[in-house]
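Q: This is what each chain is made of:
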Amino acid sequence: MSEATKKVKVRFEGLPREMIALRVSREIPEGSYVNLGIGIPTLISNWIEGRDIVLQAELGMLKTGPLVEGDEADQDLINASCQAICSLQGSSFFDIVESFTMIRGGHIDIAVMGALQINARGDYAGWANPSRGLLVGNIGGSMDLCAGARKLFIAMEHTTKDGETKVVNELTYPETTKGKVSLIFTDLAVMEVTTKGLLLREVAPGLTAENIQSVTEPKLIISPQLKEIEF
Amino acid sequence: MNKVVSSVQEAVADIHDGAVIAVPGFFTCGVPRALLWALVEKGVKNLTLTCGCGPLVGASDISQALVQNGQLKKVIDSYGLFRSASKGLQDPFEQAVRAGTIELEVSPMGTLAERYRAAAAGIPAFYTPTGVGSVVEEMVVTNIDANRQQKETRVFGEAKYILEYALKPDFALIHAFIGDTEGNLSYNKTALNFNHVMATAAKVTIAEVEKIVEPGVLKPGDVRTPSVYVHRVVHAERPKFAITID
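Residue numbers (my numbering), protein chains in the order written: chain A, 1 to 231; chain B, 232 to 477.
Be aware that a few hints might be false.
As the list claims (entries may be wrong) - Calculated lysine-lysine pairs in the DSSO-like style (CA-CA distance at most 27 Å, straight line):
(1) A:K178 - B:K382
(2) B:K471 - A:K161
(3) B:K471 - B:K273
(4) A:K161 - A:K219
(5) B:K318 - A:K178
(6) B:K304 - B:K434
(7) B:K234 - B:K382
(8) B:K391 - A:K151
(9) B:K450 - B:K391
(10) B:K391 - B:K434
(11) A:K151 - A:K178
(12) A:K63 - A:K151
(13) B:K399 - B:K305
(14) B:K273 - B:K434
(15) B:K305 - B:K318
(16) B:K276 - B:K305
(17) A:K63 - B:K276
(18) A:K151 - A:K227
(19) B:K318 - A:K196
(20) B:K450 - A:K63
(21) B:K273 - B:K305
Claimed, not checked - Computed footprint of chain B on chain A; a stretch qualifies when at least three of its residues, placed anywhere within it, have a C-beta under 8 Å from a C-beta of chain B:
(22) 83-90
(23) 122-133
(24) 139-153
(25) 172-183
Quick caveat, the hints were computed from the structure, so don't treat them as lab data. Just so it is clear, the structure is predicted and the values come from calculations on it, not from any experiment. All residues carry an ideal CB built from backbone N, CA and C; glycine is no exception.
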């Protein structure tokens with residue numbers, strides 16, 4: 001893949017981050033225990049109020065409540081993105097070993113993570129950006145969630161700020177995991193990782209399958225039921 | 232058995248140059264700030280701080296003081312750098328990591344939690360699926376070339392697992408909400424995070440607590456860390472701090 005083909009020429013107007021989060025929330029069934037990564041995934045918490053979904057925060061809390069501000073903020077009560085939150089009826093606190101027993105032991109139904117790059121095999125990179133010029137990065141709980149969550153979704157922008165596609169043939173950034181991602185939600189499309197390749201299931205309003213392909217390195221399989229993203 | 236000491240200075244008096252010290256806290260939450268400032272004041276050098284998730288990012292004022300005093304040799308953490316690359320460039324710790332004057336070893340968070348638990352429970356090593364398919368499977372991830380040792384893996388059933396080793400610090404600095412004079416501890420909400428497991432893992436555990444009470448005030452069922460793990464208890468006022476890593 002030459003540099004010329006890697007660079008995306010056209011930028012499409014896609015969904016705002018909040019709407020990507022809304023679309024992901026529609027894919028989470030009632031009765032799920034879910035962990036949300038930093039970034040777009042955290043925004044999903046705004047869309048599940050009133051639904052029977054329990055959020056786990058890896059620092060040691062089940063059933064995290066909404067964000068709080070000002071005098072309501074308790075410095076001993078934060079989510080995994082270091083934001084002040086509140087607890088709810090039925091919340092629980094526990095230590096970090098208990099938390100990762102839940103995560104690594106297969107007790108969390110869905111993890112939603114951000115990504116820097118993803119390929120058609122469901123491998124993704126998210127813990128270190130080589131442009132930072134360091135051989136180390138922030139792994140946090142991402143690799144434990146990849147190892148243990150029953151399903152792994154990615155929620156991200158389709159391209160970088162510089163217009164490069166993040167959906168690539170081969171990862172050039174360090175992998176977080178291999179072959180674990182099942183669904184990819186971007187501002188432009190919803191794609192499913194299948195054994196035959198990436199299945200394009202939904203496109204953002206006003207866009208075509210050809211538009212999505214033009215900003216995606218792997219050859220997309222177009223779903224016969226291809227439709228606009230629905231909320 | 233009364234384990235109360237009268238000051239944070241007395242609590243850290245035997246921490247020596249070259250010590251390996253567990254520092255709990257999840258970003259800003261549950262960090263033993265008073266004991267860490269006592270460590271800054273004491274000026275001991277060549278320290279290895281073993282963390283869990285970014286206490287030095289959350290308490291960046293303390294991190295800067297430790298770096299500027301030249302006290303740090305190495306940090307082990309899952310989240311040791313600022314998320315923002317531009318903020319990281321201004322950070323003395325990241326600058327030292329870039330220069331190679333401080334080692335930063337990065338590990339998945341759950342693997343770190345289990346390494347402390349294993350040390351606490353007398354288990355020398357364990358196999359975990361976490362990190363398979365990444366560079367974590369192949370080697371210790373660190374900015375220092377010479378320390379990038381290879382890792383062992385083994386297949387159980389259909390899947391591959393990585394051998395990880397117990398991590399036993401010389402000291403653990405703990406932040407608890409309430410401690411009794413015998414060393415029983417309880418924590419407030421998500422400030423528990425790495426505190427309990429680090430208290431159980433270290434050779435010497437020193438707890439700063441917001442309230443010291445007589446034995447019996449903490450109900451037996453409310454004790455989170457039983458006294459057997461705790462060697463010193465010191466009262467420390469809890470300052471207000473900003474809940475932010477930005």
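Q: Next, verify each hint and record whether it holds.
A: Checked hints:
1. A:K178 - B:K382: 18 Å, holds
2. B:K471 - A:K161: 37 Å, violated
3. B:K471 - B:K273: Distance ~24 Å between K471 of chain B and K273 of chain B Cα, so the pair holds.
4. A:K161 - A:K219: At roughly 23 Å apart (the allowed maximum being 27 Å), K219 of chain A and K161 of chain A satisfy the hint.
5. B:K318 - A:K178: 30 Å, violated
6. B:K304 - B:K434: 20 Å, holds
7. B:K234 - B:K382: 41 Å, violated
8. B:K391 - A:K151: 19 Å, holds
9. B:K450 - B:K391: Status violated; Cα separation ~44 Å.
10. B:K391 - B:K434: 32 Å, violated
11. A:K151 - A:K178: 13 Å, holds
12. A:K63 - A:K151: 19 Å, holds
13. B:K399 - B:K305: OK: K399 of chain B and K305 of chain B at ~15 Å, within 27 Å.
14. B:K273 - B:K434: Cα-Cα ~20 Å, so holds.
15. B:K305 - B:K318: Holds - the C-alpha atoms of K318 of chain B and K305 of chain B are around 21 Å apart, at most 27 Å.
16. B:K276 - B:K305: 11 Å, holds
17. A:K63 - B:K276: This hinted pair is violated, its Cα atoms lying about 42 Å apart.
18. A:K151 - A:K227: 23 Å, holds
19. B:K318 - A:K196: 42 Å, violated
20. B:K450 - A:K63: 26 Å, holds
21. B:K273 - B:K305: Answer holds: K273 of chain B to K305 of chain B is near 18 Å, not above 27 Å.
22. 83-90: holds (count 3)
23. 122-133: n = 6 at 8 Å, threshold three: holds.
24. 139-153: holds (count 9)
25. 172-183: holds (count 7)
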